[in-house]
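Undergrad: This is what each chain is made of:
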Amino acid sequence: MDWMKQASISAQKSDAVFFYVFGLSVAFLLFITVLMIYFVIRYSRKRHPKAEQIEGHMGLEVLWTVIPLLLFLSIFYYGWTNYEYMRQAPRDAMEVKVTARQWAWSFQYPNGKQSKVLYAPLNKPMKLEVRTLDVIHGFFVPAFRLKIDAVPTHANTTWFQATRLGSYDIECTVICGVDHSLMLSKVIVVPEAAFKAWYFGGEDAPAPQPVAAPPQPVAPALHPAVALMTAKGCLACHSVDGKPMVGPTFKGLFGKREAVLVAGAARTVTVDDAYLRQAIQAPMKSVVRGYPPSMPVTPLAAKELDEIVGYLKTLK
Amino acid sequence: MSDATHAHDAVHRDDFGARLGMWLFLVTEIVLFGGLFIAYAYMRATYPAEFHHAGAELNATLGVTNTVVLLTSSLTVVLSLVAIQRGDKVKTMAFLSTTLVLGVTFLVIKSFEWATKFHHGLYPNAPHLATLPHGEQVFFGLYFTMTGLHGLHVIAGLSVLAYMLVKVAREEIRQDQYVLLENGGLYWHLVDVIWIFLLPLFYLAA
Amino acid sequence: MSEPAITASAHADAHGIEHPGYGTFVKVWLALVVLTGLLVLMSHFGQSYAVWGLLILTPIKASLVFYFFMHLRYEGPLLKTIVLVSLGTLLIFFALLFSDVAFR
Amino acid sequence: MSTHATTGQPSYLVDTGARKGLVAWLLSTDHKRIGLLYLGSMVFFFFVAVALGFVMRLVQLTSFEHLITAQTYNALFTLHGVIMVFLFVVPGLPAVFGNFFLPILIGAKDVAFPRLNLASWYFYMAGAAIVVIALFTGGGAPDTGWTFYVPFSLRTGTNVGLAVFGAFILGFSSMLTGINFITTIHRMRAPGMGWFRMPLFCWAVYSTAWIQILATPILAITLVLVILERAFGIGIFDPAKGGDPLLYEHLFWIYSHPAVYIMILPAMGAITEIIPTFAKRTIFGYKAIAFSSVAIAGVGSLVWAHHMFTSGLSQFAVMTFSLLTMIVAVPSAIKVFNWVSTLYKGSIDFQPPLLFALTFIFLFCIGGLTGVMLGALAVNVHVHDTYFVVGHFHYVMFGGTGFAFFAALLYWFPKMFGKMYSKKAIYASWFPLFIGFNMLYFTMLVLGVMGMPRRYFHHLPQFNTGHEIATVGSWFLVLGLLMFFGTLVHALFKGEKAEDNPWGGVTLEWTIPSPPPQENFEEIPTITTGPYHFPQESQG
Ligand code: HEA
Ligand code: HEA
Ligand code: CUA
Ligand SMILES: [Cu+2]
Numbered sequence: 001m002d003w004m005k006q007a008s009i010s011a012q013k014s015d016a017v018f019f020y021v022f023g024l025s026v027a028f029l030l031f032i033t034v035l036m037i038y039f040v041i042r043y044s045r046k047r048h049p050k051a052e053q054i055e056g057h058m059g060l061e062v063l064w065t066v067i068p069l070l071l072f073l074s075i076f077y078y079g080w081t082n083y084e085y086m087r088q089a090p091r092d093a094m095e096v097k098v099t100a101r102q103w104a105w106s107f108q109y110p111n112g113k114q115s116k117v118l119y120a121p122l123n124k125p126m127k128l129e130v131r132t133l134d135v136i137h138g139f140f141v142p143a144f145r146l147k148i149d150a151v152p153t154h155a156n157t158t159w160f161q162a163t164r165l166g167s168y169d170i171e172c173t174v175i176c177g178v179d180h181s182l183m184l185s186k187v188i189v190v191p192e193a194a195f196k197a198w199y200f201g202g203e204d205a206p207a208p209q210p211v212a213a214p215p216q217p218v219a220p221a222l223h224p225a226v227a228l229m230t231a232k233g234c235l236a237c238h239s240v241d242g243k244p245m246v247g248p249t250f251k252g253l254f255g256k257r258e259a260v261l262v263a264g265a266a267r268t269v270t271v272d273d274a275y276l277r278q279a280i281q282a283p284m285k286s287v288v289r290g291y292p293p294s295m296p297v298t299p300l301a302a303k304e305l306d307e308i309v310g311y312l313k314t315l316k
Numbered sequence: 001m002s003d004a005t006h007a008h009d010a011v012h013r014d015d016f017g018a019r020l021g022m023w024l025f026l027v028t029e030i031v032l033f034g035g036l037f038i039a040y041a042y043m044r045a046t047y048p049a050e051f052h053h054a055g056a057e058l059n060a061t062l063g064v065t066n067t068v069v070l071l072t073s074s075l076t077v078v079l080s081l082v083a084i085q086r087g088d089k090v091k092t093m094a095f096l097s098t099t100l101v102l103g104v105t106f107l108v109i110k111s112f113e114w115a116t117k118f119h120h121g122l123y124p125n126a127p128h129l130a131t132l133p134h135g136e137q138v139f140f141g142l143y144f145t146m147t148g149l150h151g152l153h154v155i156a157g158l159s160v161l162a163y164m165l166v167k168v169a170r171e172e173i174r175q176d177q178y179v180l181l182e183n184g185g186l187y188w189h190l191v192d193v194i195w196i197f198l199l200p201l202f203y204l205a206a
Numbered sequence: 001m002s003e004p005a006i007t008a009s010a011h012a013d014a015h016g017i018e019h020p021g022y023g024t025f026v027k028v029w030l031a032l033v034v035l036t037g038l039l040v041l042m043s044h045f046g047q048s049y050a051v052w053g054l055l056i057l058t059p060i061k062a063s064l065v066f067y068f069f070m071h072l073r074y075e076g077p078l079l080k081t082i083v084l085v086s087l088g089t090l091l092i093f094f095a096l097l098f099s100d101v102a103f104r
Numbered sequence: 001m002s003t004h005a006t007t008g009q010p011s012y013l014v015d016t017g018a019r020k021g022l023v024a025w026l027l028s029t030d031h032k033r034i035g036l037l038y039l040g041s042m043v044f045f046f047f048v049a050v051a052l053g054f055v056m057r058l059v060q061l062t063s064f065e066h067l068i069t070a071q072t073y074n075a076l077f078t079l080h081g082v083i084m085v086f087l088f089v090v091p092g093l094p095a096v097f098g099n100f101f102l103p104i105l106i107g108a109k110d111v112a113f114p115r116l117n118l119a120s121w122y123f124y125m126a127g128a129a130i131v132v133i134a135l136f137t138g139g140g141a142p143d144t145g146w147t148f149y150v151p152f153s154l155r156t157g158t159n160v161g162l163a164v165f166g167a168f169i170l171g172f173s174s175m176l177t178g179i180n181f182i183t184t185i186h187r188m189r190a191p192g193m194g195w196f197r198m199p200l201f202c203w204a205v206y207s208t209a210w211i212q213i214l215a216t217p218i219l220a221i222t223l224v225l226v227i228l229e230r231a232f233g234i235g236i237f238d239p240a241k242g243g244d245p246l247l248y249e250h251l252f253w254i255y256s257h258p259a260v261y262i263m264i265l266p267a268m269g270a271i272t273e274i275i276p277t278f279a280k281r282t283i284f285g286y287k288a289i290a291f292s293s294v295a296i297a298g299v300g301s302l303v304w305a306h307h308m309f310t311s312g313l314s315q316f317a318v319m320t321f322s323l324l325t326m327i328v329a330v331p332s333a334i335k336v337f338n339w340v341s342t343l344y345k346g347s348i349d350f351q352p353p354l355l356f357a358l359t360f361i362f363l364f365c366i367g368g369l370t371g372v373m374l375g376a377l378a379v380n381v382h383v384h385d386t387y388f389v390v391g392h393f394h395y396v397m398f399g400g401t402g403f404a405f406f407a408a409l410l411y412w413f414p415k416m417f418g419k420m421y422s423k424k425a426i427y428a429s430w431f432p433l434f435i436g437f438n439m440l441y442f443t444m445l446v447l448g449v450m451g452m453p454r455r456y457f458h459h460l461p462q463f464n465t466g467h468e469i470a471t472v473g474s475w476f477l478v479l480g481l482l483m484f485f486g487t488l489v490h491a492l493f494k495g496e497k498a499e500d501n502p503w504g505g506v507t508l509e510w511t512i513p514s515p516p517p518q519e520n521f522e523e524i525p526t527i528t529t530g531p532y533h534f535p536q537e538s539q540g
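Same order as they appear, the protein sequences are chains A, B, C and D. With our numbering, letter number 278 in the first sequence gets 278, and the count goes up by one each step, no holes. With our numbering, letter number 16 in the second sequence gets 16, and the count goes up by one each step, no holes. With our numbering, letter number 29 in the third sequence gets 29, and the count goes up by one each step, no holes. With our numbering, letter number 263 in the fourth sequence gets 263, and the count goes up by one each step, no holes.
The shape of chain A in the complex, shown without the other chains:
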């Protein structure tokens, strides 16, 4: 089946355990259901008018305590050994830094190369070190049976060895705000030679695939504030060219009259210097009508704030 594609060694390990437990479960479910139905029919009032008062049976109690216990322990053991394998990266694995932020992934390779999709060589182990810049996210590649959370202040690691060429979905599994379900990317597994060519070569990616990455802001990359706002993540939600994204665009913002909600009550304000500063530092004080109250507070130094506000004023 296509969706059960096993594209990594972990996938084979995980599925082995899955089918073991699944088999046991089906067997027990059938057994219990059939027994239940059989008893209801066989001992119905009509067929069996006089009930026998059986208080219990010690042997049976022991039996159905010990057998499930042993089976459960075997499930535990099998699950644990395979899990250990799935977590312990081999020493020669290439180490890639994964950075999550609302709502995008980025990948950085040992030589400093960065990309928005994860390129991986076939049949070579790759170790991932997953971090986040804001809230918790979850890094999930279903085809690899690979999942690890990106938790602030922790650097979690995992690894995989792809066994099939192709491009596979990356999804975010921990609720992280409005666009949680758009926090997608791809792993692209290519032959080792192609990977090397990309890794050591220019910008061109091998076999580029259309990727459902979040829209990139088309910014005139001139002003230093743009770089700053990219780094701080502002431009993941705001555009400077008039396009509304998660948040309102910055274009023509300064001086505009705007409808906002202050503590749930509707107000109209003029966007001035003070408003901008408040909107950035305490976004929840007033929320623009028609947008979700989802802008995070990003810690900014005073100088950075001045720079951003100064730049926003110029966007006519």
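These aren't lab readings, by the way, just hints derived from the structure by calculation. The C-beta atom is built at its ideal place from N, Cα and C for all residues, glycine as well. Incorrect hints may have been included.
[Claimed, not checked] Not the full set, but computed from the structure, chain B residues with beta-carbon under 10 Å of chain D:
1. I109
2. F112
3. F144
4. T145
5. A169
For chain A, the structure is supplied; the task is to place chains B, C and D with the ligands on it using the hints.
TA: Okay, now just chains B, C and D with the ligands, sitting in the frame of chain A:
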């Protein structure tokens, strides 16, 4: 048993049941603070050095004084119970009043201490605190949360005991019926026990 | 157990009579104050002493309060069990939490 | 049973005091009336949540996606989860049936602290009201999921603070109820009612009450910390100040895992009452079932971190918690086997409550077995936070607790209201319920294995078919539900008068009139036999 449980009798009294209920309530309080102790242990394991450093900022003399104040107030509560069991209303009220005074003293000292911390910019969200290492920020966060919650319990305990004082005066609590006072006392002792743990965690052994 | 109501009232009546006097409690209070002093003293010898003081003396102090001031000494097994169960649960919570924290 | 009550007193439904009508209900300390107050308010909140669940399914039909925004969707599942968990399944069976039947089953006139009992209901209503208010005020409905994970719950501008405060108050209600039940069981059992003569529902409620007391305070303090963090920035959870989100996860699950056993234990207890009554024989393995309740309560408090396997726990912790998770499944297995064995050589009188009880066993087994899959580490890594988890918990919470609630309602309805419902209509409602349920939630299990993450507004195209099947399933389910509750409401007003003992049950509630008199018993009975003692002449 026969007529004691008859359907139309007056509500039968179950002092042990009342105390059982109170103890179960105390269990919830123990676990409530237990949650905070778990958080403390977790954070202390994460930031041992910072906790040590931040703990030095606290005034151990005030902490110890407050411990003695609270221990003494616990003593007077239990003495008031002995008094009521002996039917000595005057002594009961005297002991209870002492407890109230001591409890208020505890709060006064505590607020003194908090005020000093605020003065030094060591309160949550303070600009000065934000410049300190992470572990110290967490330490003060825990300090204010735990002593604050404890303070609220002191206030609650004081209100309960004040109410008991009124009841003793009105002789609704008396020699043959004092389980209310007993339960109020239990609560106060628990507040004391919690402080017994807070003292070394923050003032002495951090 | 089988006739709770009867044992209850009997217990409540006996309760007042078998109670100790003022003296016991004053002695317990003295012990508590002394232990507090000891705790402070230990903390002057350095961090590790302070921690040992915390781990040994504080539980003793707490037990004194539980046992005497809170009358556990004079109660039946039920209330004692309840307290032990709650403390035991907390202890297990700690232990399991540290199976994570201590081995990271 | 030695005594048979005569109808000396008026029924509890009749106002005899100075107060009349609504006021008499709102100020009543009668455990039976309080049980009904809970029932009424729960049905109300429950239908709010059902409506939310229904809308959620609708927007998963791709063509309906534009109906709402992603932000609204996030608010929907959060509220659906919060209402279902905190307002419905956690208080559910203990508050309604525990209140109504626990005192009767142990031969008491009321609970130990009747006024505290009423206060619990007011706490419940206050908490519930606050949760509902949180939807419409401040920054809007919370969008974090019912788990309120930090730091997202600290950063979001939505009304998390108030919602969390509501949950905190609800926690109080739960704790007070627990205190009340434990004291009641220890102090108010009728003469002769030893521990092993208690009906097993009482054992289940007793174990539940202990979890309520030992775990709920942890939730309370965790929620307080979230509120303080949002209001004052104390820094314990906020990574920007040195706090640790994993500490939050630990604290949250230390409560919330045991909470799932708060949900299921009384449900299992109710099933244990129903099966002997219709099999006309004593329960198989009384002590095994009683002790397994206690074991679930005990071991169930020690497995919380199985919700955190992918969050970066230490390897040692991962191993420990997976092992403990497997062990906690054993007592559930014991119960299932004993229930099935109780049917053996019975004389089975097939009636609607039994049908729903057996459906419970089937659905709970699927839920429990998927739980075991989740507990197997190598599998968890793949299916954690996918629709597989969503499927699992709907099977246990809805298929388990929900269906047990239905079964208990069918079983005790004639006793509570003195009216009998149409059995045919109930059988008819079972089909859409059962088919819809499995269509909806089994598909979710499959979607999860395919890699569909939970809490997703948009989904990738490969999941379209699955979502469509599930949505159609939800329509059947809702249809069945409307039929079910329609039947009961109809019976409430137009039903025939029920007999005192319509099912031939032998526990104490069946010895008193339907509906029960105000003081429950004319005279407190003296107990001389075990709870499921079927005298020979009652058969044939
Ligand atoms: C009523 C509520 C309820 C109940 C009873 C259970 C019961 C169980 N649950 Fe479930 N669970 C939830 C409610 C519940 N759960 C919820 C709400 C979540 C999600 C929370 C969230 O993230 O939002 C969850 C999530 C959850 C997870 C985390 C998933 C994840 O996010 O990664 C895990 C992992 O171990 C788990 C395991 C179990 C197990 C092992 C049981 C066991 O107790 C089950 C035991 C029963 C049986 C096993 C069946 C009967 C036994 C037999 C027939 C014997 C024979 C069988 C064999 C030998 C195999 N549950
Ligand atoms: C008992 C708990 C319960 C119940 C009954 C339900 C019922 C339903 N749920 Fe569930 N659901 C949860 C608890 C429950 N849910 C929780 C905890 C979450 C997680 C939230 C989160 O992620 O934070 C969740 C999440 C959840 C999702 C996942 C959202 C996502 O991750 O994107 C979906 C998706 O379709 C869904 C659908 C439904 C539907 C269609 C129904 C129903 O509409 C189907 C119809 C059901 C009924 C009509 C009622 C059944 C009746 C009873 C159980 C008893 C009746 C008793 C009285 C009236 C007193 N729910
Ligand atoms: Cu990132 Cu969800
Ligand atoms: Cu769990």
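Undergrad: Determine for every hint whether it applies to the structure shown.
TA: Verification of the hints:
With 10 Å as the threshold, the beta carbon of B/I109 stays out of range of chain D, its nearest partner Cβ sitting at about 22 Å, so the hint is violated. Taken as an interface hint, B/F112 does not check out: its beta carbon lies about 20 Å from the nearest beta carbon of chain D, beyond 10 Å. Given hint, B/F144 at the interface with chain D, holds; its Cβ is 6 Å from that chain's nearest Cβ, closer than 10 Å. Checking B/T145 against chain D: minimum C-beta separation of about 6 Å stays under 10 Å; hint holds.
A distance limit of 10 Å between C-beta atoms decides the matter here; for B/A169 the minimum to chain D is near 24 Å, and the interface restraint is violated.
Checked against the numbered hints given earlier, this structure breaks hints 1, 2, 5; the rest are met.
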